[in-house]
Amino acid sequence: MLHYAQEQLQGDYYTRAFQAGAQEDTLILNMGPQHPSTHGVLRIILELHGEYILRAEPVLGYVHRMQEKMGEVKTYPQYLPNMGRVDYLHALAWNWAYVLAVEELLQLEVPERAEYIRVITCELNRITSHLLWWGAYLLDLGAFTPIMYGFADRERAMDLLQIITGSRLTYCYYSFGGVTADLTPQFIDGTKEFCKYLRTRLPMYKDLVTDNMILRHRVDDIGIIPVDMARRYGVTGPNLRGSGVEHDLRRNTPYSIYDRFDFEIPAYEECDALARYLVRMDEMEESLSIIEQAIDSLPEGPVTPPKMPKVIKPPKGEAYGAVEGARGVIGIHVISDGTATPYRIKLRSPSFSNLSLFAEVSEGILLADAVSILGSLDLVIPEIDR
Amino acid sequence: MNIAPELIHIAVALAAIAAFIGLNGLVLVWLERKVAGHIQRRPGPYEVGPWGLLQPVADAVKLVGKQLVRPKVADPWLYWSAPLLSFTPVFLLFLTIPFGPRLIGMEFNLGLLLILAFSGLNVLALCLAGWSSANKYSLLGAARAVAQSIAYEIPLLLAVLAIAFQFGTLNLSTIVHHQGPMPWQWNVMTQPLAFIIYFICAVAETNRAPFDLPEAESELTAGFHTEYSGMAFGLFFLAEYAYIIVISCVATVLFLGGWHGPGAPGFWWFLLKVYALIMVIIWLRWTYPRVRFDQLLNINWKWLLPLALVNLLLTLIFVKM
Amino acid sequence: MIKKTPKQSTLQGIKSLFVGLRVTGHNFVMPQITTHYPRQEVDNLVTYRGHIELVPKEDDPMTSKCILCGQCAKACPSNCIELVIRKEEVEPPPAAEAQPDADKEEAPPKPAPKKKVKRILEAFILDYNLCSLCGQCVQTCPVDSLEFSTNSYLAGFTREEFVFELLERMRKKYKASSSG
Numbered sequence: 113m114l115h116y117a118q119e120q121l122q123g124d125y126y127t128r129a130f131q132a133g134a135q136e137d138t139l140i141l142n143m144g145p146q147h148p149s150t151h152g153v154l155r156i157i158l159e160l161h162g163e164y165i166l167r168a169e170p171v172l173g174y175v176h177r178m179q180e181k182m183g184e185v186k187t188y189p190q191y192l193p194n195m196g197r198v199d200y201l202h203a204l205a206w207n208w209a210y211v212l213a214v215e216e217l218l219q220l221e222v223p224e225r226a227e228y229i230r231v232i233t234c235e236l237n238r239i240t241s242h243l244l245w246w247g248a249y250l251l252d253l254g255a256f257t258p259i260m261y262g263f264a265d266r267e268r269a270m271d272l273l274q275i276i277t278g279s280r281l282t283y284c285y286y287s288f289g290g291v292t293a294d295l296t297p298q299f300i301d302g303t304k305e306f307c308k309y310l311r312t313r314l315p316m317y318k319d320l321v322t323d324n325m326i327l328r329h330r331v332d333d334i335g336i337i338p339v340d341m342a343r344r345y346g347v348t349g350p351n352l353r354g355s356g357v358e359h360d361l362r363r364n365t366p367y368s369i370y371d372r373f374d375f376e377i378p379a380y381e382e383c384d385a386l387a388r389y390l391v392r393m394d395e396m397e398e399s400l401s402i403i404e405q406a407i408d409s410l411p412e413g414p415v416t417p418p419k420m421p422k423v424i425k426p427p428k429g430e431a432y433g434a435v436e437g438a439r440g441v442i443g444i445h446v447i448s449d450g451t452a453t454p455y456r457i458k459l460r461s462p463s464f465s466n467l468s469l470f471a472e473v474s475e476g477i478l479l480a481d482a483v484s485i486l487g488s489l490d491l492v493i494p495e496i497d498r
Numbered sequence: 005m006n007i008a009p010e011l012i013h014i015a016v017a018l019a020a021i022a023a024f025i026g027l028n029g030l031v032l033v034w035l036e037r038k039v040a041g042h043i044q045r046r047p048g049p050y051e052v053g054p055w056g057l058l059q060p061v062a063d064a065v066k067l068v069g070k071q072l073v074r075p076k077v078a079d080p081w082l083y084w085s086a087p088l089l090s091f092t093p094v095f096l097l098f099l100t101i102p103f104g105p106r107l108i109g110m111e112f113n114l115g116l117l118l119i120l121a122f123s124g125l126n127v128l129a130l131c132l133a134g135w136s137s138a139n140k141y142s143l144l145g146a147a148r149a150v151a152q153s154i155a156y157e158i159p160l161l162l163a164v165l166a167i168a169f170q171f172g173t174l175n176l177s178t179i180v181h182h183q184g185p186m187p188w189q190w191n192v193m194t195q196p197l198a199f200i201i202y203f204i205c206a207v208a209e210t211n212r213a214p215f216d217l218p219e220a221e222s223e224l225t226a227g228f229h230t231e232y233s234g235m236a237f238g239l240f241f242l243a244e245y246a247y248i249i250v251i252s253c254v255a256t257v258l259f260l261g262g263w264h265g266p267g268a269p270g271f272w273w274f275l276l277k278v279y280a281l282i283m284v285i286i287w288l289r290w291t292y293p294r295v296r297f298d299q300l301l302n303i304n305w306k307w308l309l310p311l312a313l314v315n316l317l318l319t320l321i322f323v324k325m
Numbered sequence: 497m498i499k500k501t502p503k504q505s506t507l508q509g510i511k512s513l514f515v516g517l518r519v520t521g522h523n524f525v526m527p528q529i530t531t532h533y534p535r536q537e538v539d540n541l542v543t544y545r546g547h548i549e550l551v552p553k554e555d556d557p558m559t560s561k562c563i564l565c566g567q568c569a570k571a572c573p574s575n576c577i578e579l580v581i582r583k584e585e586v587e588p589p590p591a592a593e594a595q596p597d598a599d600k601e602e603a604p605p606k607p608a609p610k611k612k613v614k615r616i617l618e619a620f621i622l623d624y625n626l627c628s629l630c631g632q633c634v635q636t637c638p639v640d641s642l643e644f645s646t647n648s649y650l651a652g653f654t655r656e657e658f659v660f661e662l663l664e665r666m667r668k669k670y671k672a673s674s675s676g
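Residue numbers (my numbering), protein chains in the order written: chain A, 113 to 498; chain B, 5 to 325; chain C, 497 to 676.
Keep in mind that the hints were calculated from the coordinates and are not lab data.
Derived DSSO-like pairs (lysine-lysine); straight-line CA-CA distance at most 30 Å:
1. C:Lys511 with B:Lys38
2. A:Lys308 with C:Lys500
3. A:Lys304 with C:Lys499
My request is simple: use the sequences and hints to build the entire structure.
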């Protein structure tokens, strides 16, 4: 027989703090850290009245791995593989944000071809991220089949990325001043084929899911995030564009060579889950068009800078690298004190901001809608906790 | 010894039904997974036996072998009686269904009423399971199950009643006899609306996707059977499939001409129709997302119930004319 | 471009339900796309980057290209590389010493010949338990003496099985290829 102290039976600190504010005749439900729809170890404490949510409080930190502290004890290149682990779905964007910051510190010029390769691979990675979100979101809404179709297509993109990066998920492909491996003809042909193939699959997705009446009723007018609320919480990425703000770092502060491509920033003004859903579906098409343009105008040349310092010791200073990830603005602030290890690294993860508004947006909604909203925010839990 | 021949007949029928449920349960589990696999472009079970045919047997053995766990605070009597209560009425449901011209457990004038009455017991089982588990997810699942089942029972009854009015009987054999062998002689032609209403309600009654709210995985983890393990869960599982077979059988009897069919009538036509319906139900599950709870009730009270009433009224006018 | 989400009428909605059934029905009759693993294998294993292996010299397959600089061990973020180096004192070859001296007229008094220390790679230990497959070691290697293996079906029961001695592996591999 197990014996618990009275205090333990009442739950941990978060539960007790949450319970203190409970009203009469309500149910405190602990959703997570192990729950099918939190996709990882996110925990949400809910106060329910029937099936209506009165209060919600996300509890974080179950996969906190001290990514920022790790940056302070490793050298600059040694910290590179960490980036793929922060957000395993759009690893290359995190790679990019970090090398962008360090390149600014080092005043490194990135060769033209390497920039193109970065754009191609990052957009390909964005597509894989959105495909997984699409499948997982539909799984949250109770449809089992879409995730299998999404994964089938995602596998193809991951096969392509494996050709040049050698891994399938936690990429560590960009290096300071370039990329670690050049594109192969196999990759280029495969990517061209993949773009054509995915364009034939997207209408099928629309038929099966986007136009489906039941899905429409599950996401239409659910989880409205007005623009001012989005701004208050620092929401970025597709979630902000779903609230009718055309904000995209690729367009607003074009890093790398994004100003050379012709693409649209999809945004919808409804602020609901459907708008966020459609933004991501449109974004996949835009990413395909960027990839095609980049492959068509891919220049020849080296993929690493001609002169690389042997030991990377940036001069004293600070740099901020920000890129548009699949979930929003990924920002990395690196402070150098002139040694081979960074003095401080700050990771700004978009999912953290996106999750923060959940407590406010979920007041007074149904439990089923909370799942729908949580899915529409496209959270990656390791990115929240870092 | 002087045992009435009816009693022997019923005893034999019950034994046959037990075999029928067991066999069909296994086949359905296999079929469901196989269809799901092929819809998702994967093979489904294929390791155990030819085409994975023995997979459900292996699963059943696993379920029987697992430990039965009861939460410490759960009410033991209610907790253990719920799966039994869910499963045992299933035997009675098959008793009055005419599988073939002579293949029937018990000729009973109120056969339809018997099926409807005993299928209602399932709700009680789900309610007890959810209540006695002392789990919040189970409780929410049970509340959903009760609200859903009670709501959908009404249009289902009204749709069935239209057929009963049309022929003036609740005897299932008589209803089958009134239909002919050809598809245009079946009741689905004269009562298409009743068939659609019955089918939607039946899917909702059996808690199948897209109406699988009591066990909505992404919201309530597993709903009312969250705490059940081993064969206790297995009984719920088997009962769910048995109810799918029952509603398909009733739909076949009432709307699709029962064992009638072009060429030689017989139980093969009956089984064919039943399995066609089951395939459609499986197909639905692997295609649609889940509806939300208030939407589910809205569909019922705002659409199905008025439509069923109108249908019943039209049937009455038609019958009286 | 800020768009409006397209609205759907009830009739379109009901039609969409049948369209959805058509899509899944179509996929039902399409061939499978999965790889049945134990009987089949995926075809892209050549591009997989597994743990590292030492590259042998072209002329001598029993010794590696490694020059024992230790850059890889330093670059590794998780300290999973360990070089075991044996130091051997080697007498300088006298013939090489004598030749240049002969040309000079006034040879200074010979200093005692410095004993050269030759460093020999005894073992190259990779603790694959800690490796995160980042590839920093391969990138930093100045003589390309490290390469990725394509061993993606690696499995074992204990931690110790994943501590590899790469030099031994390299030699074994050569022996297996030359004998087989």
